[in-house]
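**Student:** Each chain, letter by letter, is given below.
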Amino acid sequence: MGPEQKEYYSIPARILFWMGAIWLRSLPGKLSTLFFKAIFAFFTIDTRRFRTEFRQIILQIYFTGIEAFPLVGMVAVLLGSLTIIQAMTVMPKVGFGDFFGNLMVIVIIRELGPVLTAFLIAGRSGAGLAAYIANMKVESEVDALETMGIDPIKYLVMPALIGGMFAMLIMSVMFSTVAIVVGFLVAKSIIFLLPNVFEMKLMWGHYLESILLGLRRMDFLMLVVKPVIFGGIITANACLFGMSVKNDVREVPKATSKSVVFSFTFVVLADLLLSMFYWIGYLSGINSLF
Amino acid sequence: MESVTFKNLSFAYHEFGHEPRTVLDNASLVVNQMEIVCIAGQSGQGKSTLLRILAGLAQPRSGQIFYSGIQSNLHTHTALNVALEHKVAFVFQNSALISNLRVFDNVALPIRYHQPHRTDESIREQVNGLLASMMVEEYSGHFPYALSAGVLRRVAIARALAMEPRILLMDEPTTGLDTKSRRSLLALIDNQRYLRHATIIMVTHDLPIAKDLDARVCFLHKGKLSDPMRHDEFLLAQEEHIRELVEEMDLRPT
Numbered sequence: 006m007g008p009e010q011k012e013y014y015s016i017p018a019r020i021l022f023w024m025g026a027i028w029l030r031s032l033p034g035k036l037s038t039l040f041f042k043a044i045f046a047f048f049t050i051d052t053r054r055f056r057t058e059f060r061q062i063i064l065q066i067y068f069t070g071i072e073a074f075p076l077v078g079m080v081a082v083l084l085g086s087l088t089i090i091q092a093m094t095v096m097p098k099v100g101f102g103d104f105f106g107n108l109m110v111i112v113i114i115r116e117l118g119p120v121l122t123a124f125l126i127a128g129r130s131g132a133g134l135a136a137y138i139a140n141m142k143v144e145s146e147v148d149a150l151e152t153m154g155i156d157p158i159k160y161l162v163m164p165a166l167i168g169g170m171f172a173m174l175i176m177s178v179m180f181s182t183v184a185i186v187v188g189f190l191v192a193k194s195i196i197f198l199l200p201n202v203f204e205m206k207l208m209w210g211h212y213l214e215s216i217l218l219g220l221r222r223m224d225f226l227m228l229v230v231k232p233v234i235f236g237g238i239i240t241a242n243a244c245l246f247g248m249s250v251k252n253d254v255r256e257v258p259k260a261t262s263k264s265v266v267f268s269f270t271f272v273v274l275a276d277l278l279l280s281m282f283y284w285i286g287y288l289s290g291i292n293s294l295f
Numbered sequence: 014m015e016s017v018t019f020k021n022l023s024f025a026y027h028e029f030g031h032e033p034r035t036v037l038d039n040a041s042l043v044v045n046q047m048e049i050v051c052i053a054g055q056s057g058q059g060k061s062t063l064l065r066i067l068a069g070l071a072q073p074r075s076g077q078i079f080y081s082g083i084q085s086n087l088h089t090h091t092a093l094n095v096a097l098e099h100k101v102a103f104v105f106q107n108s109a110l111i112s113n114l115r116v117f118d119n120v121a122l123p124i125r126y127h128q129p130h131r132t133d134e135s136i137r138e139q140v141n142g143l144l145a146s147m148m149v150e151e152y153s154g155h156f157p158y159a160l161s162a163g164v165l166r167r168v169a170i171a172r173a174l175a176m177e178p179r180i181l182l183m184d185e186p187t188t189g190l191d192t193k194s195r196r197s198l199l200a201l202i203d204n205q206r207y208l209r210h211a212t213i214i215m216v217t218h219d220l221p222i223a224k225d226l227d228a229r230v231c232f233l234h235k236g237k238l239s240d241p242m243r244h245d246e247f248l249l250a251q252e253e254h255i256r257e258l259v260e261e262m263d264l265r266p267t
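Just so you know, the protein sequences line up as chains Z and P, in that order.
Its first residue numbered 6, the first sequence is counted upward by one per residue in my numbering.
Its first residue numbered 14, the second sequence is counted upward by one per residue in my numbering.
Treat the hints with care, since some could be wrong.
Stretch-level coverage of chain P by chain Z, calculated; a stretch enters the list once three of its residues show a Cβ under 8 angstroms from a Cβ in chain Z [claimed, not checked]:
1. 37-47
2. 100-109
Among chain P residues calculated to face chain Z with C-beta under 7 angstroms, some are [to be verified]:
3. Ala-96
4. Pro-129
5. Gly-189
6. Leu-190
The set of hints was computed from the structure by calculation and includes no laboratory data.
Built from N, CA and C at the ideal position, the CB exists for glycine as well.
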């Protein structure tokens with residue numbers, strides 16, 4: 006064999022190479038790589054093995070969604086009744102009584118519903134998932150999976166991600182529904198109990214009509230898109246920080262808190278981008294969507 | 014017939030702010046099929062690292078590894094590839110059973126995953142057989158946290174055997190076991206070697222294993238791996254580090 010020839014790359018190729026290398030080492034790069042690996046794993050499930058992986062997805066939905074429901078439900082009731090009372094007392098005084106439904110739609114369905122649900126799920130289920138995976142890393146359980154020929158992305162990350170996204174969707178829709186329906190009942194009860202403090206009337210028919218008039222078609226799309234994206238962000242973050250732990254138990258709490266902090270940040274960032282997309286679409290006059 | 018061969022393996026730990034620490038320096042070894050080879054040495058010499066490299070859990074800096082004569086590509090030398098392509102199973106020192114699965118499901122996991130066509134009945138039969146062969150069938154419904162180290166070790170071996178491995182790597186299988194448990198565990202390991210024609214490489218401080226299992230022992234010291242020796246050979250070895258280990262175990266005939 007002759008002497009080894011060194012390969013030369015053009016300058017644009019080198020720039021692209023370094024940009025790719027930096028992207029893959031950055032947090033968003035790692036996060037999106039893990040996300041797409043897990044999505045790829047979902048679409049390439051061996052259907053004969055689906056029962057094993059389906060069980061994992063169901064367990065994840067149970068942990069992320071169903072077990073978190075009392076917490077999410079309670080916050081939804083409080084937020085719903087609070088928003089109704091504030092809106093009903095303040096808005097008519099400044100002459101915006103007719104926009105009460107719009108306010109409820111913006112505050113609960115469009116913004117606070119998905120974001121607050123995401124915060125609650127990130128604080129509870131995301132932190133739990135990160136700590137669980139980090140502990141598995143410390144106890145060599147992830148290594149054990151690999152030595153058994155089981156890909157941790159397929160066994161741990163994919164079910165967590167799919168389950169988390171689905172659970173977030175259910176929780177977010179539940180949050181908005183509970184906030185609007187039970188929030189109304191609580192607000193009505195408070196007004197009934199303290200008639201001298203809140204001198205106003207709250208009628209179900211008027212309330213519901215006002216909310217339905219405030220809804221746009223795009224809101225229904227966002228009701229689905231936002232929670233799914235937020236769920237993906239929360240679970241991908243939890244899995245990434247959990248998996249990044251080495252064999253040191255001191256890293257478990259660090260991974261957990263980092264997962265929650267970055268989940269909050271990325272959820273708000275994603276919400277901002279989605280809202281921008283929403284309003285750019287609205288202002289550019291794609292009326293059929295709104 | 015050669016089962017595991019490695020040539021000139023080198024490995025160093027790189028820690029930020031410290032000089033690289035070499036734990037393997039051109040280590041070479043040939044292990045034959047159905048043979049048991051122990052890797053011994055003082056703590057911190059890199060025995061477990063060598064085993065992790067063989068399992069694909071760590072990547073060597075240089076060298077060649079062959080499993081049943083097939084060379085493993087060091088660029089794709091991951092635990093997943095090693096387990097799937099070369100049928101290598103690993104028993105961890107801390108057993109590393111999946112904590113949210115019962116003992117039965119832990120052992121059934123690799124079978125369910127790699128043989129999805131199998132019926133529940135046949136999986137149950139195989140898992141119960143494996144648990145019985147390790148004498149832990151009574152614990153099949155328990156979660157790992159409720160079990161003792163000895164039982165966990167046996168379950169971990171049963172799980173490794175569920176993969177029907179050609180090569181079994183074990184990290185300190187007898188550490189922390191009482192004399193009776195140790196003896197029965199060694200008998201089970203010896204039995205499995207003949208039953209399944211598996212090659213076993215284990216890291217251990219327990220030098221009497223060499224006599225109990227008719228194994229060869231390699232000593233790892235300052236990155237250098239000695240030639241494999243039988244029990245009576247290493248008792249007479251002149252190297253200082255081997256003599257220290259032998260004296261610690263009080264093995265020399267009086």
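**Student:** For every hint, state whether the structure bears it out.
**Tutor:** Now the hints, each set against the structure:
1. Chain Z is given as covering the segment 37-47 of chain P, and this is violated because 0 residues of the stretch bring a CB closer than 8 angstroms to a CB of that chain, at least three being needed.
2. Three residues within the 8 angstroms Cβ limit are the bar, and the segment 100-109 of chain P against chain Z gives 6, so the coverage statement holds.
3. A hinted interface residue such as Ala-96(P) counts as satisfied when its beta carbon comes closer than 7 angstroms to some beta carbon of chain Z; here the least separation is about 4 angstroms, so the hint holds.
4. The interface hint given for Pro-129(P) is met, as the beta carbon of that residue sits about 4 angstroms from the closest beta carbon of chain Z, less than 7 angstroms.
5. Of the supplied interface hints, the one on Gly-189(P) is violated, with its beta-carbon coming no nearer than about 16 angstroms to a beta-carbon of chain Z, more than 7 angstroms.
6. Restraint check, Leu-190(P) versus chain Z: the minimum CB separation of about 19 angstroms is more than 7 angstroms; hint violated.
This entry does not satisfy hints 1, 5 and 6, going by the numbered hints stated previously.
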